[in-house]
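So the sequence shown is numbered by our numbering: it starts at 1178 and just counts up by one.
FYI, nobody ran anything at the bench for these hints, they're computed from the structure. Hints are supplied without guarantee of correctness; some may be wrong.
[Said to hold, decoys possible] Here are the computed lysine-lysine pairs in the DSS-like style, where the Cα-Cα straight-line distance is at most 27 Å:
{"hint": "1", "residue 1": "1194", "residue 2": "1346"}
{"hint": "2", "residue 1": "1327", "residue 2": "1194"}
{"hint": "3", "residue 1": "1300", "residue 2": "1270"}
{"hint": "4", "residue 1": "1179", "residue 2": "1206"}
{"hint": "5", "residue 1": "1300", "residue 2": "1194"}
{"hint": "6", "residue 1": "1179", "residue 2": "1327"}
{"hint": "7", "residue 1": "1354", "residue 2": "1313"}
{"hint": "8", "residue 1": "1270", "residue 2": "1327"}
{"hint": "9", "residue 1": "1255", "residue 2": "1206"}
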Amino acid sequence: MKNFIFDVDGTLIDTIKMYMPAMQITLAKHGYDREYDELSRVFGITAIDALREVGVRDNDLQPIFKEWFALAYQNSDKVSVYAEIDDTLRQLKTHFGVKLVVATSKTNDEYVNEFQPKFSIAKYFDAHITADDTQKHKPEPEPILAGLAKINAAPDESMYIGDTINDLKAAHAAGIKFGSALWGAAAPEELGDADFSLQRPSELLRLLD
């Protein structure tokens, strides 16, 4: 394997405690009472898609989205990089020809103004695709295909690493292998069709060509 495309939330950084309680509180305030387990199932897709999935009406989408994210970012100090991620990315980058890409459901504003300045691991990536770069999003393959195109990568030399069923579906729809980030998966039982089941980030090093 020469090209490694990564999801961000739940794969590189642990953000579920930042986003999901804030989502539940905000939804309840607007009359959408939802169980936490139901909400955790939509973790990792774009925020607007997630709100639609849990039944938010179109006219409520933007107000709830803005309020949810304002509340979530009050808890940004709870976000951390998963163990072994920094060292694994550093070692991957030492191998000739290896390319690292992010394909995330974060907006470009979040990626550029929150992720890149706050997390030094951003320096390892050769390219990034955000929710603003494609019209369709995971579980559709477009974000991953866009990532492959940015680095001119062959699908058979590439894999996507993510923590949700939508990541898995997107990878296979794009025609590439999928590695399940079990260290961050909220529902690991849904990832049985992964090509590689990864308990720890360092296991990626064994997949280098």
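Given the hint that residue 1300 pairs with residue 1270, test it: the Cα-Cα distance must not exceed 27 Å. Given pair residue 1300, residue 1270 holds - Cα atoms ~10 Å apart, limit 27 Å.
CA of residue 1300 to CA of residue 1194, is that 27 Å or under? 25 Å, holds
Is the straight-line distance between the alpha-carbon of residue 1327 and that of residue 1194 27 Å or less? 32 Å, violated
Sort out whether residue 1313 lies within 27 Å of residue 1354, counting only the CA atoms. Holds: residue 1354 and residue 1313 sit about 20 Å apart, inside 27 Å.
Holds or violated: are the alpha carbons of residue 1194 and residue 1346 at most 27 Å from each other? It holds: about 24 Å lies between the C-alpha atoms, which stays within 27 Å.
Starting from residue 1270, check that the Cα of residue 1327 is at most 27 Å away, please. 17 Å, holds
Would the pair residue 1179 and residue 1206 pass a check requiring their Cα atoms to be no farther apart than 27 Å? 47 Å, violated
Between the alpha carbons of residue 1179 and residue 1327, is the straight-line distance 27 Å or under? Measuring from Cα to Cα gives roughly 14 Å; hence the hint holds.
Compare the distance between the alpha carbons of residue 1255 and residue 1206 with 27 Å, and conclude whether the hinted pair is satisfied. Holds, because 23 Å separates the two Cα atoms, which is no more than 27 Å.
In summary, the structure is inconsistent with hints 2 and 4 from the numbered list given earlier, while agreeing with the others.
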